[in-house]
Structures are given as structure tokens and as C-alpha cells.
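> Residue-level listing of the chains:
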Amino acid sequence: MTEAASFGEEDIRALNLLLLVEYTQAAFYKEAVGRGALKGKLLAYAKQVAAQENEHLRFLKRLLKGEARRKPSYAFGEATREPGAFVAAAADVEDLAVGAYNGQGSNVSTDVLAGAATIVSVEARHAAWIRSIVGKLPAAEATDRALSSDEVLDGLSRLGVRR
Amino acid sequence: MDDFLFDRLDVDGALAESLARTGLSRAAFLGAALGSSTALLGWPIESADAAANSPATNDVFILNYALVLEYLQAAFYTEAERIGALRGKNARAAEVVGSVERAHVEAFRGVLGRKAVKRPTFDFQGTTENPKAFLKTAVAFEDLAVAAYKGQAPRIESKSALAAALAIHSVEARHAAWMRYLFGVDPAHAAFDQPQSRPEVTRVVRSTNFISGPPSTKADRSPRYMG
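Chains A and B supply the protein sequences, listed in that same order. The numbering of the first sequence is this note's numbering, which starts it at 1 and goes up by one. The numbering of the second sequence is this note's numbering, which starts it at 1 and goes up by one.
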């Protein structure tokens, strides 16, 4: 994939929104693992997904280079302290990531689209995985909605992201 | 165990055996005999590939390619449900995913209208008849669909067609994780999912012999399921 210098404004804006999502996910899972409230399948899920979100984060930062936005701050509250709240927040943040990538997919250049497409399906796998663990329906809908930037930012705020 | 696709999928050796038994002669026969829907999965029919060179028809070609993959998946789950060898969580997954894949078929048919390819006939080689073979095949199908959509997304020209493909792509990934979880393999085996090109996907699908005939009621043998 090409580098930030050759991206247009729209690509950079889109990649920075996705970077915010990846920052959030990486921090959320890291904190959840660190607080020690998760056990068994949930802990295994959180550890593996934390590592994968970190890889996504590095990928996006490498693309954006000097154009990358700064890291936000977070207040995840109960979601990283209590398993039930963790499951609900994990499902939410993964759905949000899928919607964010799908929403930006139609706005970006072909190069960025190709790179983002390798990530969005992994986010969708996480969304189904966390639901599988707790016996919820992993995929209820025929299509995933594309979220607007504002919807993504609202969703992140609800999860405790302080930009 | 991880990250397998159709080319490494074999149901008790049955696929390899049938491939060895029929081999190229059968493929050559089908290539000569089949209509446009199988051409989309790579049978060497020139007109289909020639049509793909025109920008206006490129999206139609890609959408029809997706439609054939959706026909394949829809028929697989529908047959599994009809045969009734699945129980509990597996049966529920086949029922839900089947209804979604049928919805995808209808969506593409709706978008394509008269340009939609017809449904081929399928022979799932017994994989719909027991839970283990079902799950193994479902995992392979879903991972393949994810890779196939990902391979085509950057080639789609129309924004609305791209949006539709992306909206379905991530649902296939949810299905892949779901089936992997039921089968007991890692639902998200890598941080990045890689695309597969149409020739790669085609080779894999052909290797299964799951597409048994053209979209016709005059097949030379009775398919197990006509969709």
C-alpha cells in the first residue's frame, strides 16, 4: 500500500477515524486483560483480540505517519471490570468498528479500501466470536450497516472515549 | 487445523477420490457444456471474460460472480436444513445463516434483474449429511466468501454496488467466525484477512465438484438439490 504522502484529504480523514476506533479497541482489551476480571474463554478472547487490534493500530499509524491523530483518553468504567459489562461493550465496539470501516469504504481510494478490507472482516469475526462465547446469536442480520463519521464518534463517546 | 480452505478440504477422502476419478475430462466436459453461471467460476467460456473488459459491464460481472457464490452457500445451508442431520446449535446456525444467504441471493438477483445468472445445480458430496462434514465445509465456504468479496471490492466501480458488497462481506466474516467456533477452531486466526482472486476462488470451488451442472432442468444426472 502507498504512504500517507500520496493519500488525499479524504483518505487521511477516514484513516484517522479508523485509527481512533483501533486506539479505543486496543486500549479497551488491554485494560480488560490487565484488571484481571476475565477468566477462561473470555480471557483468551480478550488477549488474542488485544494483540490483533494492536496490529491494526500499528498498520494504520504506519500508513498515516505524521498525519496520524493523537491518542485519545478513555474511561471504560465497569466494562473492563465486570465480565457481563465487558461482553456487552466488546460486542458494541466490534460492531462499531465494522460499521466504521464499512462506512468509510465507499469514501476512500482503492489502495486504502484494499488495506481496510483486510481488517474489517477480522473485526466482524471478533463481533461474532464474543457473541458465540456467551451463547448469543453471532450474526442476526443479512447486511452490516455502514456508519457515518458522526455515528462512529457518538458510539465511541458512549463507550467512554474522551477525544 | 487452522486457516484451511477448499483446496485443503476433504470429506473422508471423497472429494479427492471423485476428483481423481473424473479429473480433467469431467472439467473439460463441463467447460464445453455449461452456461454462463459456471463461466463465472472460471470455466473457459470466452464471452464472459471478454464482457468483463468493458467498464460498464465490469460491475455486472463481479455481482454475478458474487451471486454464484451466494447460490452455492444458500443451497448448501438449505439442503443441510432439509436433510435434518444437524441438531441444537449447528441446526440453528444452518437455519439462520441459510436464511441470510438466501437473502443475499435475492438481493443480487434484484440488483441484476434480467442480467442475473441462473442458479446452477449442486451436489454437495455428502457434506450436508453429517455435522462434522457440514461444519468443516461451512467454515471453508465462509472463509472463501470473505476472501472472494475482499478480492473484488477494490475492483467495483459503482459506489452503491461497493456499499452492498461491503455490507455483505463483513456478514460473511461473522458467519465464518460462527462456524469456526462451532467447529472448534480459532474464529479469528489472523489479524488481517487476505483477499483471494477470482482464479484462486474458482480453482478451489472447482476442486470440490460441488457445482454439478448448469442452470437447467435437463441435467444428465439427478442433483440432490435443485435449489
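Everything labelled a hint here was simulated from the structure, so no lab data went into it. Worth double-checking, as some hints may not be accurate.
[Said to hold, decoys possible] Below, a sample of chain A positions facing chain B; criterion: calculated Cβ distance under 10 Å: (1) R125; (2) A128; (3) R131; (4) D150.
Don't be surprised by glycine CBs; every beta carbon is placed ideally from N, CA and C.
> Sort out which numbered hints this structure fails and list those numbers smallest first.
Failing hint: just 4.
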